[in-house]
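When we follow the working numbering, the leftmost residue of the sequence shown carries the number 807, and every step to the right adds one.
Accuracy of the hints is not assured; some may be wrong.
[Claimed, not checked] Pair by pair, the computed Cβ-Cβ distance ranges are:
{"hint": "1", "residue 1": "Ala824", "residue 2": "Trp886", "range": "51 to 59 Å"}
{"hint": "2", "residue 1": "Ala853", "residue 2": "Glu828", "range": "32 to 40 Å"}
{"hint": "3", "residue 1": "Ala833", "residue 2": "Ala980", "range": "43 to 51 Å"}
{"hint": "4", "residue 1": "Ala841", "residue 2": "Gly982", "range": "13 to 21 Å"}
{"hint": "5", "residue 1": "Ser979", "residue 2": "Thr894", "range": "17 to 25 Å"}
{"hint": "6", "residue 1": "Ser898", "residue 2": "Glu861", "range": "16 to 24 Å"}
{"hint": "7", "residue 1": "Ala822", "residue 2": "Ser890", "range": "53 to 61 Å"}
{"hint": "8", "residue 1": "Ala840", "residue 2": "Ala878", "range": "43 to 51 Å"}
{"hint": "9", "residue 1": "Ala836", "residue 2": "Arg981", "range": "24 to 32 Å"}
{"hint": "10", "residue 1": "Arg981", "residue 2": "Ala878", "range": "21 to 29 Å"}
{"hint": "11", "residue 1": "Asp834", "residue 2": "Glu869", "range": "47 to 55 Å"}
{"hint": "12", "residue 1": "Arg883", "residue 2": "Gly982", "range": "15 to 23 Å"}
{"hint": "13", "residue 1": "Gly818", "residue 2": "Arg846", "range": "39 to 47 Å"}
Derived from the structure by calculation, the hints contain no laboratory data.
Model, not experiment: these values are computed from the prediction.
Every residue, glycine too, gets a C-beta built ideally from N, C-alpha and C.
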Amino acid sequence: MTRLSLWLDELGRATAAAETAEQDYRADFARRVAALAEERAVAYRRANLVRAVAEAVAGAEDEQAAVAHGLAVLRTRLGWSSDSEARTEILSRFAPVCAAAFSARDPSPSGEGESAPADRGGVTPQPGFPHPGSPPEQVRGRLGPPLQGGIGDDEFMADPATALAAFESWYLSARGTPFWLLFENVMPETPLVDF
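Work out the full structure, taking the sequences as your base and the hints as a guide.
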């Protein structure tokens, strides 16, 4: 074998290595973009649902009415027109989120008019409180034993972001998938019929 053929072989190996490196980078990039797209979708789903629940509970006369309004929003958003054992459990576990949203509409107890952090249900958790979607073991210890409807420590659950984080963590541990995947169920198109 000549030096020229050895050099050509070496150049061939270099091109193959460069191509492999590029393919690996593109695959990593595609995975990262997909992960970021999923995070964005979850953030929008969370924000849109919480906004709709907040609007629904804002005009309620009492907590019971607020919870009913909030759960009606959840049912509508998920397209649930009938009940099942699983749906009833989910609704009962989501009720503390509605109750917390109702209690959070009142001014702060200090009367200072403190505003909530800009990102209550998303990326920046409050110190000492779990982030929405935190592993269940981080939330479970704060809740204590569940009471009726899955409500734990009242003071802890009065914060809507914390109540939502607890709900998300419960759902993940109970169902093995994030709650927000329920919103991916695409409704089948109904054919238009011209009479």
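Looking only at beta-carbon atoms, does the pair alanine 840, alanine 878 fall within the given range of 43 to 51 Å?
With Cβ atoms ~34 Å apart, the hint is violated.
Just to be sure I understand the hint, the distance between the Cβ atoms of serine 898 and glutamate 861 should be within 16 to 24 Å; is that true here?
Given range 16 to 24 Å: holds, Cβ gap about 22 Å.
Pairwise beta carbon distance, arginine 981 to alanine 878, judged against the given window 21 to 29 Å:
At roughly 22 Å between Cβ atoms, alanine 878 and arginine 981 fall inside 21 to 29 Å, so the hint holds.
Consistency of beta-carbon spacing, alanine 980 to alanine 833, with hint 43 to 51 Å:
violated (33 Å)
Given the range 51 to 59 Å, decide if the beta-carbon distance of alanine 824 to tryptophan 886 lies inside it.
holds (53 Å)
Status of the given 32 to 40 Å range, CB of glutamate 828 versus CB of alanine 853
Because 37 Å falls inside the window, the suggested range holds.
For the hint 13 to 21 Å, verify it against the beta carbon of alanine 841 and that of glycine 982.
Because 19 Å falls inside the window, the suggested range holds.
Mind checking the hinted window 39 to 47 Å against the Cβ distance between glycine 818 and arginine 846?
For glycine 818 and arginine 846 the Cβ distance comes to about 42 Å; the hint holds.
Could you say whether the range 53 to 61 Å given as a hint is met by the Cβ separation of alanine 822 and serine 890?
55 Å Cβ-Cβ, so the 53 to 61 Å window holds.
Indicate whether the distance between the beta carbons of serine 979 and threonine 894 respects the range 17 to 25 Å.
Hint holds: Cβ distance 18 Å, inside 17 to 25 Å.
Using the C-beta atoms of aspartate 834 and glutamate 869, is the stated range 47 to 55 Å upheld?
Given range 47 to 55 Å: holds, Cβ gap about 48 Å.
Arginine 883 and glycine 982, beta-carbon distance inside 15 to 23 Å?
At roughly 22 Å between Cβ atoms, glycine 982 and arginine 883 fall inside 15 to 23 Å, so the hint holds.
When the structure is compared with the earlier hints, violations turn up for hints 3 and 8 and for no others.
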